[in-house]
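From first to last, the protein sequence lines stand for chains A and B.
Each residue of the first sequence is one higher than the last, beginning at 925 in the numbering used here.
Each residue of the second sequence is one higher than the last, beginning at 925 in the numbering used here.
It should be emphasised that the hints constitute simulated quantities derived from the structure, not laboratory data.
Just so you know, not all the hints are guaranteed correct.
The list treats identical chains as one, so a pair stands whether inside a single copy or across any two.
[As the list claims (entries may be wrong)] In silico DSS-like pairs for lysine-lysine, Cα to Cα no more than 25 Å straight-line:
id	residue 1	residue 2
1	K961	K1384
2	K1250	K1401
3	K934	K961
4	K1394	K1139
5	K1139	K961
6	K934	K980
Below, each chain spelled out in residue letters.
Protein chains: 2
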Amino acid sequence: MKGKPIEVLKERLREISYLASASAVLGWDQEVHMPAKGADARARASAQLSNVVHDKLVAIDDDKALTRLKKDVEAKKLRGKDAVIVEETWRSFEREKKLPADFVRELSELTAKAQHVWAEARKKDDFGMFLPYLRRIVEMKRKEAKYVGYKDSPYDALLDSYEPGLSAKDASAMLEDLKSFLVPFLKEIRSAKVKVDPKKTKARIPLSEQIAFNKEISAAMGFDFEAGRMDQSTHPFTTTFHPQDVRITTRFREDDLLYSLGSTIHETGHALYEQGLPSEHFGTPLGEAVSLGVHESQSRLWENNIGKSEAFWRHFYPKLQKRFPKPFKALPFEEFMLILNEVKPSLIRTEADEVTYNLHIIVRFEIEKGMIEGKIDPEDAPAVWREKMKEYLGIEVPSNTLGVLQDVHWSAGYLGYFPTYALGNLYAAQWYAAMEAEIPDLNKKIAKGELSVPREWLRKNVHLHGKTYKAADLLKKVTGEKPISRYFTEYLKKKYGKLYSLGSKK
Amino acid sequence: MKGKPIEVLKERLREISYLASASAVLGWDQEVHMPAKGADARARASAQLSNVVHDKLVAIDDDKALTRLKKDVEAKKLRGKDAVIVEETWRSFEREKKLPADFVRELSELTAKAQHVWAEARKKDDFGMFLPYLRRIVEMKRKEAKYVGYKDSPYDALLDSYEPGLSAKDASAMLEDLKSFLVPFLKEIRSAKVKVDPKKTKARIPLSEQIAFNKEISAAMGFDFEAGRMDQSTHPFTTTFHPQDVRITTRFREDDLLYSLGSTIHETGHALYEQGLPSEHFGTPLGEAVSLGVHESQSRLWENNIGKSEAFWRHFYPKLQKRFPKPFKALPFEEFMLILNEVKPSLIRTEADEVTYNLHIIVRFEIEKGMIEGKIDPEDAPAVWREKMKEYLGIEVPSNTLGVLQDVHWSAGYLGYFPTYALGNLYAAQWYAAMEAEIPDLNKKIAKGELSVPREWLRKNVHLHGKTYKAADLLKKVTGEKPISRYFTEYLKKKYGKLYSLGSKK
Chain A
925 MKGKPIEVLK ERLREISYLA SASAVLGWDQ EVHMPAKGAD ARARASAQLS NVVHDKLVAI
985 DDDKALTRLK KDVEAKKLRG KDAVIVEETW RSFEREKKLP ADFVRELSEL TAKAQHVWAE
1045 ARKKDDFGMF LPYLRRIVEM KRKEAKYVGY KDSPYDALLD SYEPGLSAKD ASAMLEDLKS
1105 FLVPFLKEIR SAKVKVDPKK TKARIPLSEQ IAFNKEISAA MGFDFEAGRM DQSTHPFTTT
1165 FHPQDVRITT RFREDDLLYS LGSTIHETGH ALYEQGLPSE HFGTPLGEAV SLGVHESQSR
1225 LWENNIGKSE AFWRHFYPKL QKRFPKPFKA LPFEEFMLIL NEVKPSLIRT EADEVTYNLH
1285 IIVRFEIEKG MIEGKIDPED APAVWREKMK EYLGIEVPSN TLGVLQDVHW SAGYLGYFPT
1345 YALGNLYAAQ WYAAMEAEIP DLNKKIAKGE LSVPREWLRK NVHLHGKTYK AADLLKKVTG
1405 EKPISRYFTE YLKKKYGKLY SLGSKK
Chain B
925 MKGKPIEVLK ERLREISYLA SASAVLGWDQ EVHMPAKGAD ARARASAQLS NVVHDKLVAI
985 DDDKALTRLK KDVEAKKLRG KDAVIVEETW RSFEREKKLP ADFVRELSEL TAKAQHVWAE
1045 ARKKDDFGMF LPYLRRIVEM KRKEAKYVGY KDSPYDALLD SYEPGLSAKD ASAMLEDLKS
1105 FLVPFLKEIR SAKVKVDPKK TKARIPLSEQ IAFNKEISAA MGFDFEAGRM DQSTHPFTTT
1165 FHPQDVRITT RFREDDLLYS LGSTIHETGH ALYEQGLPSE HFGTPLGEAV SLGVHESQSR
1225 LWENNIGKSE AFWRHFYPKL QKRFPKPFKA LPFEEFMLIL NEVKPSLIRT EADEVTYNLH
1285 IIVRFEIEKG MIEGKIDPED APAVWREKMK EYLGIEVPSN TLGVLQDVHW SAGYLGYFPT
1345 YALGNLYAAQ WYAAMEAEIP DLNKKIAKGE LSVPREWLRK NVHLHGKTYK AADLLKKVTG
1405 EKPISRYFTE YLKKKYGKLY SLGSKK
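Using the sequences and the accompanying hints, generate a full structural model.
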């Protein structure tokens, strides 16, 4: 290859990204369309393609061009956007390079197998079956942290691959703050004398009508259906082949429109970020999302701060009532809002409301950090889980299926991933507060259905920057403050104080 | 890599095949699901993946392991199935190797551009716009033939990549025979006093019901929907990721169920071949189809020899009438059969009946062979086309859009491909005759809906052999005779003699 070294690097990165995008097409098809018997062959094809991508990534500096570019950046000969590309590419390349090929293969084989065993163990409520795998995965992730290197805690090295630049110490501090607010706040809500009857939003609505309504909401948020699709799958997800081809999935329940709606709004939030990334930088870090936490902040901001807000439903509830008189016509707005936002401790994270959700995350975070730091033995995870669920959420965990075995993450080797879900909620509240400060009549506009207002704010302040800034820096730049939990707790206090008349009890 | 050299080769071939299969997933998604704006990124991703596959293929003998295996085969140290794998791999590798990398890239860039220009030229009925591209493609295909090498005609080298082992001379002889029968036979049919009114099968049937019926027919033929899917696309096609994941597409017209049915049966014929290839040999030539002609013989046998036969409809017509009283209840069986098999010269190949279809092919074959042998100047192609259509089919061609510009093949560089369509029809009739000879009550069984009888015969005699035999050898082995046109002409005489009462005129 010839040309300016930075241009050569960009072209290499694009080549790799197009192959990764091919890989994403296979993943999407697998979840959405693949016939049952196609599974084995697909696993082989996906593995083969992943190998190609991995090989190209680790070979990216074979001619030392990246190393030279990195030196140019250090010598300030290369600045601005190009420097970001080099720095970010170097960061992932360096991490990749530190891991021996044998280690990577072993981990990948282990987690592939562990996910099958986990699925079986969850089905049979048999933690003992999964334990040897969890033990081995924790060992290997500790080893990974050693290879990668860290300052304070081995957990730093793991968290860094999902939320670059955030230390375990800072994450802990934020989540501690959050917990110390949430636990008493939840008790306060639970003792409020407000009756909620979720059955009132349940009624059979044909699938085709549910799909149509979900698509309308998604389109109203600004999802470009010419640059994406919405389909069905067992677990909702968003996947991106390119900013011009972003796919979301939703799942449906025949008798519960709200079940699909929440997940559609959530996935559309992710998708707007992906469609909003600058196409001209596709393939380079400038065309990529900041971090998992920032990605989750987009989905959660739409799902909760907007999608469960009074303003949003002032506009959409009359439409919903008109479209689906059964069950909504006879249901008053205030009662609908209460059902939509009901706070109720439950066993399953993915079904949790926005008050209890973060407590689910904190349970996982404390356990996985403990295991990685050698302070919790994997064998004790179920017991610790039960204690913490009791302590933070006030509920008993009747089985490991509904407890420690419920999420796929650990079996897949994703230790360090969970906190990004909570970070997403904190960031979302912080973005939203900044947005409100800048656009004083924001909620009035939303109540008029002008969803382009928040969308364009997010596009300008978040999406278009790609990976130019780390999460903390971007938040600081846009909101004037580093990430903190206060915006989120203030948001909860205000919203749920009103919904549950918490003030009135005093 | 280590292990027995032949096993190492097989593993390499499988790796390449899984990547090619990934590539096929991208192609399928592109036709069936891709949103409009995703096209550019998809083109890049597909090109990137094709490059990877091509690079791996040309590198397959870098360590000379294939060369050594080839010598083992020549020295009869390696025999049987393993020898077939080596021979067939060598054949495609050698062809690939003879073409300089620059030439391959130039041709691929030329045809990518030519296909766009052709689409535009067809829309505008402007052959002049396409001519420079056609000229350049013909030049390059002549050059390709020189690189590859040939005995009698440069056309040999092109035909060989679609129908391995068949010479231009043998193909010409078969098609000449066919033409000398078809031209007068068509005149005879056209002068028959039989009235056909295709409007009688037209009526609006909701898409969902059409899809359901098409799927039932496909399932009755033996298409395994757990190892495949049926979807919609503009142009029907079959694509295979693995024998356990074969996908077909159909297109529909609201007022014409038969329009979709023919193409569903055709594609299911292809799909049964793909699902019937031995999975255990996936990736190696033993798990691949013999040739395009043999592939087409499977689709055409099902579409025409079975799917337009009296026996087939004795079973399915009552179902059709019951399911769709409008338009079929009042339409007598004999009249339905006549509409289904109406012979009517027309301009467009893909809509032609089974008598005129091969004349369309012969027109293309004679012109492309003439161009490749330097006997027809590409500039004269439209005029020659018009003359031949008049002479063979008796019709005037009013525009190049409906004439020489109608098919994508030449713009894509597929010269040598067309004859395989006609070969498919000849082979199909030859298989069917052998099947009838072996199973005397074949048509009775089909009339009882026992479609597993022809399917299992094809599976045993054709599908399971993979590429073990060349087309001519397989036909000889199974039918006792090399490929000839007589079975097909006899079949037409018998079937259309009856339908059009040709005997009674004499």
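Now the hints, each set against the structure:
Taking CA atoms no more than 25 Å apart as the test, K961 paired with K1384 passes between copies only; the shortest distance there is 22 Å, against 45 Å inside one copy. When the C-alpha separation of K1250 and K1401 is checked against a cutoff of 25 Å, the pair qualifies neither within a copy, at 47 Å, nor between copies, at 68 Å. When the C-alpha separation of K934 and K961 is checked against a cutoff of 25 Å, the pair qualifies only between copies, where the shortest distance is 23 Å, while the shortest distance within a copy is 39 Å. Proximity of K1394 to K1139 under the C-alpha cut-off of 25 Å is found in neither arrangement, the shortest distances being 33 Å within a copy and 52 Å between copies.
In the homo-oligomer, the alpha carbons of K1139 and K961 lie at most 25 Å apart only across protomers (18 Å), although the nearest pairing inside one protomer, at 31 Å, exceeds that limit. Taking the shortest Cα distances, K934 and K980 sit within 25 Å of each other both inside one copy (13 Å) and across copies (24 Å).
In summary, the structure is inconsistent with hints 2, 4 from the numbered list given earlier, while agreeing with the others.
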